[in-house]
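Enquirer: Generate coordinates for the entire structure from the input sequences, incorporating the hints supplied.
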Amino acid sequence: MLKPLGDRVVIETQNEEEKTVGGIVLANNAKEKPQTGKVLAVGDGRVLENGKTLSPSVNIGDKVLFDKYAGTSVDYDGKSYLILHDKDIVAVIE
Amino acid sequence: MLKPLGDRVVIETQNEEEKTVGGIVLANNAKEKPQTGKVLAVGDGRVLENGKTLSPSVNIGDKVLFDKYAGTSVDYDGKSYLILHDKDIVAVIE
Amino acid sequence: MLKPLGDRVVIETQNEEEKTVGGIVLANNAKEKPQTGKVLAVGDGRVLENGKTLSPSVNIGDKVLFDKYAGTSVDYDGKSYLILHDKDIVAVIE
Amino acid sequence: MLKPLGDRVVIETQNEEEKTVGGIVLANNAKEKPQTGKVLAVGDGRVLENGKTLSPSVNIGDKVLFDKYAGTSVDYDGKSYLILHDKDIVAVIE
Amino acid sequence: MLKPLGDRVVIETQNEEEKTVGGIVLANNAKEKPQTGKVLAVGDGRVLENGKTLSPSVNIGDKVLFDKYAGTSVDYDGKSYLILHDKDIVAVIE
Amino acid sequence: MLKPLGDRVVIETQNEEEKTVGGIVLANNAKEKPQTGKVLAVGDGRVLENGKTLSPSVNIGDKVLFDKYAGTSVDYDGKSYLILHDKDIVAVIE
Amino acid sequence: MLKPLGDRVVIETQNEEEKTVGGIVLANNAKEKPQTGKVLAVGDGRVLENGKTLSPSVNIGDKVLFDKYAGTSVDYDGKSYLILHDKDIVAVIE
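Protein chains in written order, with the numbering used here: chain A, 1 to 94; chain B, 1 to 94; chain C, 1 to 94; chain D, 1 to 94; chain E, 1 to 94; chain F, 1 to 94; chain G, 1 to 94.
Derived by calculation from the structure, the hints in this document are not laboratory data. Model, not experiment: these values are computed from the prediction. Misleading hints may appear alongside valid ones.
As the list claims (entries may be wrong) - Under the rule of at most 35 Å between Cα atoms (straight-line distance), these lysine-lysine pairs were calculated in the DSBU-like manner:
{"no.": "1", "chain 1": "C", "residue 1": "K79", "chain 2": "C", "residue 2": "K38"}
{"no.": "2", "chain 1": "G", "residue 1": "K38", "chain 2": "G", "residue 2": "K79"}
{"no.": "3", "chain 1": "B", "residue 1": "K38", "chain 2": "A", "residue 2": "K3"}
{"no.": "4", "chain 1": "D", "residue 1": "K63", "chain 2": "D", "residue 2": "K79"}
{"no.": "5", "chain 1": "A", "residue 1": "K3", "chain 2": "A", "residue 2": "K79"}
{"no.": "6", "chain 1": "G", "residue 1": "K63", "chain 2": "C", "residue 2": "K87"}
{"no.": "7", "chain 1": "G", "residue 1": "K63", "chain 2": "E", "residue 2": "K63"}
{"no.": "8", "chain 1": "B", "residue 1": "K87", "chain 2": "E", "residue 2": "K87"}
{"no.": "9", "chain 1": "B", "residue 1": "K52", "chain 2": "C", "residue 2": "K3"}
{"no.": "10", "chain 1": "B", "residue 1": "K63", "chain 2": "A", "residue 2": "K79"}
{"no.": "11", "chain 1": "E", "residue 1": "K52", "chain 2": "C", "residue 2": "K79"}
{"no.": "12", "chain 1": "A", "residue 1": "K79", "chain 2": "B", "residue 2": "K52"}
{"no.": "13", "chain 1": "F", "residue 1": "K52", "chain 2": "G", "residue 2": "K79"}
{"no.": "14", "chain 1": "E", "residue 1": "K3", "chain 2": "C", "residue 2": "K63"}
{"no.": "15", "chain 1": "B", "residue 1": "K63", "chain 2": "A", "residue 2": "K87"}
{"no.": "16", "chain 1": "D", "residue 1": "K68", "chain 2": "F", "residue 2": "K3"}
{"no.": "17", "chain 1": "G", "residue 1": "K3", "chain 2": "G", "residue 2": "K79"}
{"no.": "18", "chain 1": "E", "residue 1": "K68", "chain 2": "C", "residue 2": "K38"}
{"no.": "19", "chain 1": "G", "residue 1": "K87", "chain 2": "E", "residue 2": "K52"}
{"no.": "20", "chain 1": "D", "residue 1": "K63", "chain 2": "A", "residue 2": "K38"}
{"no.": "21", "chain 1": "D", "residue 1": "K38", "chain 2": "D", "residue 2": "K3"}
{"no.": "22", "chain 1": "B", "residue 1": "K3", "chain 2": "D", "residue 2": "K87"}
{"no.": "23", "chain 1": "F", "residue 1": "K38", "chain 2": "G", "residue 2": "K38"}
{"no.": "24", "chain 1": "B", "residue 1": "K79", "chain 2": "C", "residue 2": "K63"}
{"no.": "25", "chain 1": "B", "residue 1": "K3", "chain 2": "A", "residue 2": "K68"}
{"no.": "26", "chain 1": "G", "residue 1": "K87", "chain 2": "B", "residue 2": "K52"}
{"no.": "27", "chain 1": "B", "residue 1": "K52", "chain 2": "C", "residue 2": "K79"}
{"no.": "28", "chain 1": "F", "residue 1": "K63", "chain 2": "D", "residue 2": "K87"}
{"no.": "29", "chain 1": "B", "residue 1": "K63", "chain 2": "A", "residue 2": "K38"}
Expert: If you want it as structure tokens, here you go:
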């Protein structure tokens with residue numbers, strides 16, 4: 001079990017074969033290449049300069065859209081996970 | 001349905017054929033190339049260092065002018081959407 | 001009608017033929033090339049980290065001096081407008 | 001005995017032969033190359049701009065995942081240690 | 001009349017022939033090339049993040065030493081003016 | 001006698017011959033090359049944006065580990081000193 | 001007379017012939033080349049973001065050690081002065 005630190009989030013990424021999530025086909029522009037996945041774990045959040053902690057804006061189970069080149073990838077029990085910062089998640093797919 | 005996070009906004013962009021919105025023809029200078037679109041969804045806003053959340057400055061339905069190279073593009077049900085940060089929206093067309 | 005967002009300002013720029021405004025001839029150094037224009041619309045202002053909004057320092061109708069390469073240019077009903085940030089306005093010509 | 005300063009943490013790194021920790025095989029993307037280790041000592045934490053000290057988010061004994069290129073390596077009594085900043089620790093392996 | 005905005009200051013620069021002001025001969029090092037002039041107008045000052053305005057540190061009439069490459073030059077009624085930021089003024093010559 | 005300013009610290013560095021301090025052999029990675037020494041003098045500390053002064057985290061007499069390329073070296077009475085910032089000290093050797 | 005602004009300090013630098021001040025011979029590393037001088041004038045100090053002014057950490061008459069490439073040099077009545085920021089002064093020589 002991976003417990004992400006700070007504003008990090010553990011994502012179960014989609015396979016290459018499934019390029020659509022919830023019917024969404026992704027078109028990338030030159031700057032950002034989005035990818036989709038499911039949130040498996042969230043950290044406690046980012047600490048602001050006034051000492052308060054800001055909770056991540058996603059919850060476990062959310063389907064999310066994020067920048068494909070963001071984060072650190074980890075393989076565990078044959079599955080591929082991604083650990084990325086909350087700010088790199090672009091949108092939740094509802 | 002895409003729910004943008006933070007200060008992000010989902011925009012329905014204009015087709016290449018329609019280069020004018022509300023009669024405005026866009027002339028780009030070397031630095032920024034503006035484009036127009038309609039706001040479909042807005043995030044909760046940016047969190048300031050004092051912990052308060054600053055609501056985005058546009059509302060659903062607004063016609064907006066933004067930097068063409070800003071944001072992440074997504075195709076959904078044959079339409080083209082753009083997810084960009086509130087600060088990349090230059091003006092509202094009234 | 002263009003409503004600029006944040007600390008942005010809509011400027012009606014001068015024609016190339018009119019290189020002087022109020023008798024001022026502009027000499028550019030290597031770093032900044034100033035240009036003159038009239039303020040047509042102002043945004044609500046920049047939001048400070050304490051949550052307060054700082055009003056732009058110019059008013060509608062002001063003749064202003066700004067950096068020629070700043071901002072986004074827009075053509076509307078045959079006129080040329082410029083949308084730039086309040087901080088890029090160098091001086092008001094009184 | 002090494003006492004790390006500020007938000008630094010002393011890590012006992014894994015040998016090259018043990019590429020898995022807790023069954024996790026690490027796959028690196030182009031940006032970050034994670035590595036695992038055990039926390040031996042933690043500093044007092046980072047001082048925020050309001051003067052408060054923010055304790056590190058890991059404890060002595062934690063198995064952690066961190067960026068392989070982060071930190072300063074030190075050899076002591078034939079073992080290899082790494083001193084890195086708390087923010088470079090990606091996740092705790094539970 | 002030019003009214004500088006924010007922490008800007010309008011300077012009446014010295015002619016090339018007058019390389020000394022108050023008996024000071026300027027020697028430039030590789031990093032900064034100072035020049036002298038007289039303050040003609042000052043802005044209201046810089047707005048701090050707490051919303052307070054910080055008045056410029058020079059007054060109208062001050063002889064000042066500044067970085068030659070700083071600011072925006074403007075010609076008006078045959079005279080050469082320079083508009084620069086308060087922080088680019090190195091010293092007052094008394 | 002050298003009195004370091006701000007968050008600076010004066011260090012008496014080790015000779016090249018003594019590559020170990022307290023039995024520690026230093027192995028450098030590509031990013032940081034640590035070195036050891038003894039603290040001779042400490043400044044008053046760094047001033048935070050709220051006006052409070054943050055005392056340095058080391059004391060006179062501490063054996064410390066620091067980045068070899070940090071700071072300014074000074075020779076005095078045949079000895080070699082290094083003046084570096086408190087943040088460049090990685091750990092205290094106890 | 002030069003009155004430095006903000007956190008600036010006017011320094012009377014040493015001649016090339018006098019390479020030692022108070023018996024200190026300076027050895028430069030690759031990053032910073034220190035030089036010595038005497039403080040002739042100090043500014044009012046740096047203004048913090050909370051509006052308070054932080055006095056410079058040196059006084060008139062102090063012998064100081066600073067980075068040789070910092071600041072702006074000025075010749076006045078045949079003497080060489082240097083105007084530099086308080087933060088570029090490394091230590092006071094007592």
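Enquirer: Does each hint fit the structure? Answer for all of them.
Expert: For each hint, the structure was consulted:
no. : hint          : verdict
1   : C/K79 x C/K38 : holds (13 Å)
2   : G/K38 x G/K79 : holds (13 Å)
3   : B/K38 x A/K3  : violated (39 Å)
4   : D/K63 x D/K79 : holds (17 Å)
5   : A/K3 x A/K79  : holds (16 Å)
6   : G/K63 x C/K87 : violated (41 Å)
7   : G/K63 x E/K63 : holds (28 Å)
8   : B/K87 x E/K87 : holds (27 Å)
9   : B/K52 x C/K3  : holds (25 Å)
10  : B/K63 x A/K79 : violated (43 Å)
11  : E/K52 x C/K79 : violated (38 Å)
12  : A/K79 x B/K52 : violated (38 Å)
13  : F/K52 x G/K79 : violated (38 Å)
14  : E/K3 x C/K63  : holds (11 Å)
15  : B/K63 x A/K87 : holds (26 Å)
16  : D/K68 x F/K3  : violated (38 Å)
17  : G/K3 x G/K79  : holds (16 Å)
18  : E/K68 x C/K38 : holds (30 Å)
19  : G/K87 x E/K52 : holds (25 Å)
20  : D/K63 x A/K38 : holds (25 Å)
21  : D/K38 x D/K3  : holds (15 Å)
22  : B/K3 x D/K87  : holds (29 Å)
23  : F/K38 x G/K38 : holds (28 Å)
24  : B/K79 x C/K63 : violated (43 Å)
25  : B/K3 x A/K68  : holds (18 Å)
26  : G/K87 x B/K52 : holds (34 Å)
27  : B/K52 x C/K79 : violated (41 Å)
28  : F/K63 x D/K87 : holds (25 Å)
29  : B/K63 x A/K38 : holds (32 Å)
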